[in-house]
Amino acid sequence: MRKVAIIGIGQTKVGEHWSLGIRDLALQASLAALRDANLEKVDALYVGNMMSGEITGQEHLGALVADALGLRGVEAMKIEAACASGSAALRVGTLAVASGMADLVLVVGVEKMLDTSGRETTSALAMAADAEYEVSQGVSFVALNALLMRRYMHEYGWKREDFANFAVVAHENAMNNPNAMFHLRITPEKYAKAPMIATPVGLLDASPVSDGAAAVVLAPADYARTLSPAPVLIRASAVATAPVAVHDRKDPLALEAARLSARKAYEAAGVGPEAIDFFELHDAFTIMSALSLEAAGFAERGRGVALAVEGEITRTGRIPIATMGGLKARGHPVGATGMYQVVEAALQLRGLAGANQIPNARLGMTQNIGGSGATIITHILERMV
Amino acid sequence: MIEKVADNWRLRGQRYRLEGEVCPHCGAVIFPPRDICPECGKPAKEPKPLSGRGEVYSFSTVYSPPEGFEAYVPYTVALVKLEEGPMVTAQLTDVAPDEVEIGMKVEMVTRKLLARGEEGTIIYGYKFRPMLQRGA
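Protein sequences appear in the order of chains A and B.
Adding 42 to a residue's 1-based position in the first sequence gives its number in our numbering.
Adding 1111 to a residue's 1-based position in the second sequence gives its number in our numbering.
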């Protein structure tokens, strides 16, 4: 297997793109990544996306985006794994380059969520859950996270307000990210007063629905330095799964697929959590941040929230998370989110994260979660120069 | 939300009788049925109706519902740990949201899950209510 590097990155602003369709968004991020890599052609294109069929009536995004980019005849496919679709596409691109089946690969994650009503988008998101045994009971995607959060609070004795810092820190970090959806500081008081979506999950526990696209260009690491002044090595790429339905998991608070995919990634990279300089985790809900920190080995069980309470998740803390705003404040265009995490991690590793730069960042980890924890994809990235 | 007649008809055993399976190899009780035991990985196709009794493992009161459930807001969904072992996701009924607590004993009842206007399919299935006190 060959080592794989990122030689170009691109992203659109996350937000409400009334004037841009799904093809336009994918195109903008892709062109930015190709420009960054100083390339016009690639051998293959993989598009991460969850709900284009449901929301925009458009599937077949592989060929659609390839054509828009003028990549005549190129191999192209859409990759879907619910909210982990972006990282899943990166995984497939990484396999293609690592195996030698392709040399230059473009990966773009894209999602358009705001052209429909909130109710329709809620229903489309619920398709990540078990249709026959969860969604049929009136359980929204938010409610599944709420069930986990309530049980977590019950088992470990945390209160709702203890989760506030996950949201506060994300919003603070987004202030310096021009591509973030929100540039709005929030306070623990504001968090406490937010209206309930599904108890105990309030509006400020949840990431927003958003439009956006983010892309990278991959190349064999051996000649990445000849193509890019600042390539980023993919040290590890690991996918693990768990039952789709929360009720089918033996230990719902364990986030087993996160533990497995993090362990595989650590083994592949030959490092442990103590070597990671920052962690772009999947803070779709505050409870997911706590569970991910525990499953990835940054906290003992039931202690993930303590990292937020004690301020250890800030840019100067023990394990900085959501350094450019995370899903909570950069926004969560679901099928693009995994790619935003990777693009932001690459910015950190290139030293281009501006005011949010983690000093001397060498190893960054991203973790993208599909559904309420059924598909979990972890990447470890390393600065090459 | 699945609203096709055939999709719901296929689930009638589970929806109306909470029909699960028991593994002939390791004795694990399985719900929903999946024909392969999640405990030992061997085939498990022996049907087993469950008692419908259990307790609340967690719950949430929904204020922002998926399409089709707007008329029922606010309603409470729960993870119910059945006395035979499996966990099931279902709505709670006959109880106010602020009366629900983790550990509360509940039992299955059959209720309407969803109805779409005059012409649409009416979907029935299991919900759970606080266990009734029965005479000795």
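For the record, the hints were derived by calculation from the structure and aren't laboratory data.
C-beta: ideal position from N, C-alpha, C; glycine also.
Honestly, I wouldn't trust all of these hints.
Where chain B lies over chain A, by a calculated footprint (3+ residues, C-beta under 8 Å) [what the hints assert, rightly or not]:
(1) 161 to 170
(2) 174 to 182
(3) 232 to 245
In silico DSS-like pairs for lysine-lysine, Cα to Cα no more than 25 Å straight-line [said to hold, decoys possible]:
(4) LYS1216(B) with LYS292(A)
(5) LYS201(A) with LYS1156(B)
(6) LYS1153(B) with LYS1192(B)
(7) LYS45(A) with LYS292(A)
(8) LYS1156(B) with LYS1192(B)
(9) LYS232(A) with LYS292(A)
(10) LYS1159(B) with LYS1216(B)
(11) LYS1156(B) with LYS292(A)
(12) LYS1153(B) with LYS292(A)
(13) LYS1159(B) with LYS1192(B)
(14) LYS292(A) with LYS306(A)
(15) LYS201(A) with LYS235(A)
(16) LYS1223(B) with LYS292(A)
(17) LYS1115(B) with LYS292(A)
(18) LYS201(A) with LYS232(A)
(19) LYS1159(B) with LYS1223(B)
(20) LYS1192(B) with LYS1216(B)
(21) LYS1223(B) with LYS1115(B)
To see whether the hints hold, each was checked on the structure:
1. With 5 residues having a beta carbon nearer than 8 Å to a beta carbon of chain B, the segment 161 to 170 of chain A meets the requirement of three or more and the stated coverage holds.
2. Counting residues of the segment 174 to 182 of chain A whose C-beta lies closer than 8 Å to any C-beta of chain B gives 9; at least three are required, and the coverage claim holds.
3. Counting residues of the segment 232 to 245 of chain A whose C-beta lies closer than 8 Å to any C-beta of chain B gives 7; at least three are required, and the coverage claim holds.
4. The suggested pairing of LYS1216(B) with LYS292(A) holds, with an alpha-carbon distance near 21 Å, which does not exceed 25 Å.
5. Our distance criterion of 25 Å between C-alpha atoms is broken by LYS201(A) and LYS1156(B), whose separation comes to about 43 Å.
6. Restraint check for LYS1153(B) and LYS1192(B): the C-alpha separation of about 23 Å stays at or below 25 Å, so the hint holds.
7. With a C-alpha separation of about 36 Å, the suggested pair LYS45(A) and LYS292(A) falls outside the 25 Å cut-off, and the hint is violated.
8. About 22 Å separates the Cα atoms of LYS1156(B) and LYS1192(B), which keeps this hinted pair within 25 Å; it holds.
9. As the CA atoms of LYS232(A) and LYS292(A) are separated by approximately 36 Å, the hinted pair breaks the 25 Å bound.
10. As the CA atoms of LYS1159(B) and LYS1216(B) are separated by approximately 21 Å, the hinted pair is consistent with the 25 Å bound.
11. Between LYS1156(B) and LYS292(A), the direct Cα distance comes to roughly 20 Å. Compliance with the 25 Å bound is thereby established for this hinted pair.
12. At most 25 Å may separate the alpha-carbon atoms for a hinted pair to count; LYS1153(B) and LYS292(A) meet this at roughly 17 Å.
13. Taken as a hint, the LYS1159(B) and LYS1192(B) pair is honoured in the structure, with Cα atoms around 16 Å apart against an allowance of 25 Å.
14. Our distance criterion of 25 Å between C-alpha atoms is met by LYS292(A) and LYS306(A), whose separation comes to about 21 Å.
15. Simply put, LYS201(A) and LYS235(A) have alpha-carbon atoms about 14 Å apart, close enough for the 25 Å limit, and the pair holds.
16. With a C-alpha separation of about 29 Å, the suggested pair LYS1223(B) and LYS292(A) falls outside the 25 Å cut-off, and the hint is violated.
17. Restraint check: the Cα-Cα separation between LYS1115(B) and LYS292(A) comes to about 31 Å, which exceeds 25 Å; the hinted pair is violated.
18. A threshold of 25 Å between alpha carbons decides the hint, and for LYS201(A) with LYS232(A) the separation of about 16 Å falls inside it, so the pair holds.
19. Note on LYS1159(B) and LYS1223(B): the hinted pairing holds, with a Cα-Cα distance of about 23 Å set against a maximum of 25 Å.
20. For the hint linking LYS1192(B) to LYS1216(B), the alpha-carbon distance of about 10 Å falls within 25 Å, and the restraint holds.
21. This hinted pair checks out: LYS1223(B) and LYS1115(B) have alpha carbons roughly 16 Å apart, not beyond 25 Å.
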